[in-house]
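Student: Listed here are the chains, written in short residue letters.
2 protein chains.
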Amino acid sequence: MWQAKPRLDATTLKFGAVYTDHMLQVSWKDGLGWTAPSIDPLGPISLHPCAQVLHYAVECFEGMKVYKGKDGQLRLFRPEMNMDRLARSAARLTLPKFDKVELLECIKELVRVERDWVPDAEGFSVYIRPTMIGTHPFLGVGPTREAMLYVILSPVGPYFPSGLKPIKLYVETENVRAFSGGVGNYKIGGNYAPTILPQLRGSHLGCSQVLFVMQDGKSKGGLVGESGSMNIFFLIRQEGESGELELVTPPLDGLILPGVTRDTVLKLARGFGDMKVSERPLHFDEVERASESGRLLEVFGTGTACMIQPVVGLVMKDSEITVPFDGDAAKHWLAKAPGTAALPNSSSDEPLSLCGRLSRALLDVQYGHVDSEWSVVIEP
Amino acid sequence: MWQAKPRLDATTLKFGAVYTDHMLQVSWKDGLGWTAPSIDPLGPISLHPCAQVLHYAVECFEGMKVYKGKDGQLRLFRPEMNMDRLARSAARLTLPKFDKVELLECIKELVRVERDWVPDAEGFSVYIRPTMIGTHPFLGVGPTREAMLYVILSPVGPYFPSGLKPIKLYVETENVRAFSGGVGNYKIGGNYAPTILPQLRGSHLGCSQVLFVMQDGKSKGGLVGESGSMNIFFLIRQEGESGELELVTPPLDGLILPGVTRDTVLKLARGFGDMKVSERPLHFDEVERASESGRLLEVFGTGTACMIQPVVGLVMKDSEITVPFDGDAAKHWLAKAPGTAALPNSSSDEPLSLCGRLSRALLDVQYGHVDSEWSVVIEP
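Residue numbers (numbering that gives the first Met the number 0), protein chains in the order written: chain A, 0 to 379; chain B, 0 to 379.
Excised from the complex, chain A in its bound form (with noise of 0.2 Å):
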């Protein structure tokens, strides 16, 4: 007997473990199409045990977030960015084509169904997973002829389990997780399973996360990359007078996931007007002059379900650089006034936090407090 389950303390709420009580899905078939979608009750899924999901991997997924703000709306974040790349990434594995404007309203849809459980507290959430999967029972490897669509909902905190708290990543060299003329670039299953034992070992050096290196041959350091969950920049000063300030990110080289996350702090950055904002391919030999000359004033990860994580040590093998993360500062942007971190930081007493900052000006369009192009309110 189906029952709703109890709601949650938003506070004690970890990213992905609880879910809510409905799920939006719909199935396709080859030369059939799409049935008509439906919300169900949030049950398993039934596959034949040789359904092309179970052995090749032909899944993808997104990842969005509907936010609650003071005024009681519900707002999804750029969602139009999220069915752009989960049809990329479907044509990509030979899943079928969808409707994209129909399956934001069948979200929309699902989450005014449970709108209950969207929580209102600043950074805390209902995290949406649309996924698609082949279900065809066919062993050859072969072109998707079943293929089945689902959306599930989680109500979620932050998502390291260190909450807000700054993380140390693992410099990880050796595995390597995106290559040129490879899939890096699309949000498929098989790129994120390979990530887990790296992880795993980061984890018993203290690292919530890795960074994955890349050995190119031309430095020795390699080429910066992703993390397996974030989007990762890097705020360096200039060596020289001028000692300009710079954001860097690895550029979207196929190699990089097209993070929504990542999009917005590159406009969200330049539009601050007060650094350099570059994609680049950015050696981690440099990162680790800048950190010796004090030139590495912060580095963090950006990510749906991480939002803007600041990152204070980057752990190899034999050696650990040090980010010097002012969390107070980062703190004084959170705590500001809503609506007022896209105010120029000229004030010299003003203690800098790109972190701050960029999540102050974030949550101000997620939770409401700023009007934003990037905002979609959910009618009631």
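No wet-lab data here; the hints were simulated from the structure. Computed from a predicted model, the values in this text were never measured in an experiment. Some clues are possibly wrong.
[Said to hold, decoys possible] A few chain A residues that face chain B, going by a derived Cβ cut-off under 7 Å, partial list only: (1) 16; (2) 17; (3) 40; (4) 44; (5) 48; (6) 60; (7) 142; (8) 149; (9) 174; (10) 181; (11) 188; (12) 189; (13) 196; (14) 199; (15) 227; (16) 271.
For each residue, glycine too, the CB sits at the ideal point set by N, CA and C.
Got chain A; can you put chain B on it based on the hints?
Tutor: Same frame as chain A, now just chain B:
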């Protein structure tokens, strides 16, 4: 109400679309270990919609076959190699350890239950698909805490619809299957999904499969890798007066699946003693040069599913290499009395077909025409 399926006409069997009546299954939980294995009617697998396997491709598998000889005995072929590889794949994905000897005994028991399904024609068999999936319902990317191992059986004919007829391969130079520091040497789901789209493109050019050739900056043509579901071999006559025959396949450098049939073919060919047998990097330029001067004698793929698959064409965007495959010479060997393949190919009027000769030798072991330590008889 469950009913046994009707038996099939072996000669109409295609690969991987028909299953026997039962499956083996066993579950694992962190801290509790494995449940008792059970053999049950083949039925759907029920998964939480957040199960790891559906999002992060925590899945690996094996491909084995059971063959029925003229003597009515059922034989596995080098099954311990599959158990070893499954254990390596599982470990790479943080899936649990299992007792390799016990799993093999369980598989034998499943085969005994389904013994009437095993066809008795050469080239036909029952394909065995051990599969291991991460079932823990958790949306964070992390180590496996719950898993399932199951084995399904599928009576099969030839892998390619073309049967034993030679196929063409599409030379894929844009999409890359595997890379240094990656997971190309594990039999995990994520290696397969990205190969489907290139394969589909190749099929529009009349190719049954692709051959991945990776640009390495060292040659125009790139480095020969493998096919999506086969290892690849080239029989080349070397330049110069000696005109030595060399059988070449790419080495196990981490980018290649360590195939059981690959290893077997290497050992068989070395045993023949009348050609050089090399595991070495092979640039596509060399294949092209050999073809141009008439020294490319044979190309074939190997795999448990496809066995030894002759290739007659390597199709590129604007050209094609034709391989002078002599089907009659292959059939000549296949038609020879069982147990004769290992004879030295010394007679000058003996048509050379390494493909046929290797197939004969392989079938001899698999169907029990010759005694071999590679054969594992399943006692009734």
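Student: Take the shortest C-beta to C-beta distance between residue 60 (chain A) and chain B; is it under 7 Å?
Tutor: 5 Å, holds
Student: Quick check on the hint: residue 199 (chain A) CB to chain B CB, less than 7 Å?
Tutor: Check passed: Cβ of residue 199 (chain A) comes within 5 Å of chain B, closer than 7 Å.
Student: For the hint on residue 188 (chain A), does the least C-beta distance to chain B fall short of 7 Å?
Tutor: 3 Å, holds
Student: Hint residue 189 (chain A) vs chain B: min CB-CB distance below 7 Å?
Tutor: Holds, about 2 Å.
Student: Does the nearest C-beta of chain B fall within a distance shorter than 7 Å of the C-beta of residue 271 (chain A)?
Tutor: For residue 271 (chain A), the interface hint is violated, since the closest Cβ of chain B sits about 31 Å away, which is over 7 Å.
Student: Does the interface hint hold: is residue 149 (chain A) within less than 7 Å of chain B, judged Cβ to Cβ?
Tutor: 6 Å, holds
Student: Is the shortest C-beta separation between residue 181 (chain A) and chain B less than 7 Å?
Tutor: Cβ of residue 181 (chain A) sits 5 Å from chain B, so the hint holds.
Student: Does residue 174 (chain A) hold up as a contact with chain B if the rule is Cβ-Cβ below 7 Å?
Tutor: Holds - the Cβ of residue 174 (chain A) comes within 7 Å of chain B, reaching about 6 Å at its closest.
Student: Would the stated hint for residue 16 (chain A) survive a check requiring a Cβ distance to chain B of less than 7 Å?
Tutor: 6 Å, holds
Student: Does the CB of residue 196 (chain A) sit less than 7 Å away from some CB of chain B?
Tutor: 6 Å, holds
Student: Using 7 Å as the Cβ threshold, decide whether residue 44 (chain A) counts as touching chain B.
Tutor: Check passed: Cβ of residue 44 (chain A) comes within 5 Å of chain B, closer than 7 Å.
Student: Checking hints one by one. Is residue 48 (chain A) an interface residue toward chain B, by the C-beta closer than 7 Å rule?
Tutor: 5 Å, holds
In this structure, the hints that do not hold are numbers 2, 3 and 16, in rising order.
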